[in-house]
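As they're listed, the protein sequences go chains A and B. Under the working numbering, the residues of the first sequence are numbered 1446 to 1541, in order. Under the working numbering, the residues of the second sequence are numbered 7 to 199, in order.
No wet-lab data here; the hints were simulated from the structure. Take the hints with a grain of salt, since some may be wrong.
[Said to hold, decoys possible] The calculated EDC-like cross-link candidates involving lysine to aspartate or glutamate, where the alpha carbons are at most 16 angstroms apart (straight line), are:
#1 K188/B to D163/B
#2 K40/B to D51/B
#3 K188/B to E1469/A
#4 K188/B to E141/B
#5 K40/B to E1532/A
#6 K185/B to E1469/A
#7 K40/B to E157/B
#8 K185/B to E109/B
#9 K185/B to E141/B
#10 K185/B to E1452/A
#11 K176/B to D147/B
#12 K13/B to E68/B
#13 K188/B to E1452/A
#14 K176/B to E194/B
#15 K96/B to D163/B
[To be verified] A few chain A residues facing chain B, derived, Cβ under 8 angstroms:
#16 D1448
#17 P1471
#18 R1499
This structure is a prediction, so every number in the text was calculated from the model and none was measured. Built from N, CA and C at the ideal position, the CB exists for glycine as well.
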Amino acid sequence: MKDRWSELARLARAGRKASEQVPEMPFGFADSVMRRWALAGRESPVEAWVPLLRPALGLAFATAFLCVLLQVRTQSETPPNLLVETENLIRLAVLE
Amino acid sequence: MAEIFDKAWLQRVRENDPEASQELISELFPLVIKIVRGHLPRRMDPEDLAQIVFIKIFQKIEQYHGDAPFPHWVSRIAVNTCLNELRSEKARPELRWADLGEEQAQALERVLDRSSAASIDQDVATRDLADRLLETLPARDRLILTLLDLEERSVADVAEMTGSPEPVVKVRAFRARRKLRKEMERLERTGRK
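Here chain A stands alone, though its shape is the one from the complex (with noise of 0.2 angstroms):
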């Protein structure tokens, strides 16, 4: 099978080779990265607290889930409620 993409390739290569120029920096290119780069850093202040409210966010997810495992724990420890026993009491009383 012939192989044209090499071919083509080979060709190719020479073409870049004639057409590549020892790169200049154009004038002002310098300043104007330097401007982008402040107004980058100053537009966007929530990639600076990125970091820290990673962990933040865990260690919330952790409290709340410790805080719903503590609230079940602690229904299924308490004991009957006094009060409603008593008003259960009173109603059957006042049915019969």
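Got chain A sorted already, so can you dock chain B onto it with the hints?
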């Protein structure tokens, strides 16, 4: 170039020293613009993309720990920035003979007839044709094949620049070449007069 990138100088850049930052830009501009020009998406200005690369370098410079030479690290950022930009443009599903300019069509004729290019202009047209064929590939395959076949970089270099393991680079290149060969055969079959 490499000797100026010492630890003290990098520290000055990290501390936002304007002089050191300007120096970084002017020293690395030839390297960055060369990579950007080699992997430029359609309708994007190379200088604009180079600026994006430099901003990323400044954003990530805290993550540079000196494991690789600084220019290699910069090359990797430049390549990945280009890859992200290439991903945002759709790959052309297929190239038709009618899509080619006159010079590109002649360049394809030359390749199909196995005649060698005669002038610099014809070589440039051949390069443009190669770029147009590469545009039919997905962004990562296009990047890998450009680095391997047009810039003649080694598989190890490409693996380092793209962050892909060497076997992955080889497999992707193999498949991409096969696709391009089929594309050229299809062009010859359907479009040649």
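Going down the list of hints, with the structure as the test:
The hinted pair formed by K188/B and D163/B fails the criterion: a straight-line CA distance of about 27 angstroms is larger than 16 angstroms. Between K40/B and D51/B the CA atoms are separated by roughly 13 angstroms; this keeps the pair inside 16 angstroms, and the hint holds. A hinted pair counts as satisfied when its Cα atoms are at most 16 angstroms apart, and K188/B with E1469/A does not qualify at roughly 39 angstroms. Proposed proximity of K188/B and E141/B is supported: the alpha carbons are some 14 angstroms apart, at most 16 angstroms.
Of the supplied pair hints, the one linking K40/B and E1532/A is violated, its CA atoms being roughly 86 angstroms apart against a limit of 16 angstroms. About 36 angstroms separates the Cα atoms of K185/B and E1469/A, which puts this hinted pair outside 16 angstroms; it is violated. Of the pairs offered as hints, the one joining K40/B and E157/B holds, with about 11 angstroms between alpha carbons and a cut-off of 16 angstroms not exceeded. At most 16 angstroms may separate the alpha-carbon atoms for a hinted pair to count; K185/B and E109/B exceed this at roughly 23 angstroms.
Taking the CA atoms of K185/B and E141/B, the gap is about 12 angstroms. The hint holds against a cut of 16 angstroms. Of the supplied pair hints, the one linking K185/B and E1452/A holds, its CA atoms being roughly 15 angstroms apart against a limit of 16 angstroms. With a C-alpha separation of about 10 angstroms, the suggested pair K176/B and D147/B falls inside the 16 angstroms cut-off, and the hint holds. Among the hinted pairs, K13/B with E68/B is consistent with the structure: their alpha-carbon atoms are about 12 angstroms apart, no more than 16 angstroms.
Among the hinted pairs, K188/B with E1452/A is consistent with the structure: their alpha-carbon atoms are about 14 angstroms apart, no more than 16 angstroms. This hinted pair does not check out: K176/B and E194/B have alpha carbons roughly 27 angstroms apart, beyond 16 angstroms. Proximity of K96/B to D163/B is assessed by CA-CA distance (about 26 angstroms); at most 16 angstroms being required, the pair is judged violated. Hint status for D1448/A: holds, given a least beta-carbon distance of 7 angstroms to chain B, under 8 angstroms.
Checking P1471/A against chain B by beta carbon gives a least distance of about 6 angstroms; that is within 8 angstroms, so the hint holds. This hint is violated: R1499/A has a C-beta 16 angstroms from the nearest C-beta of chain B, more than the 8 angstroms allowed.
Of the numbered hints listed earlier, those contradicted by the structure are 1, 3, 5, 6, 8, 14, 15, 18.
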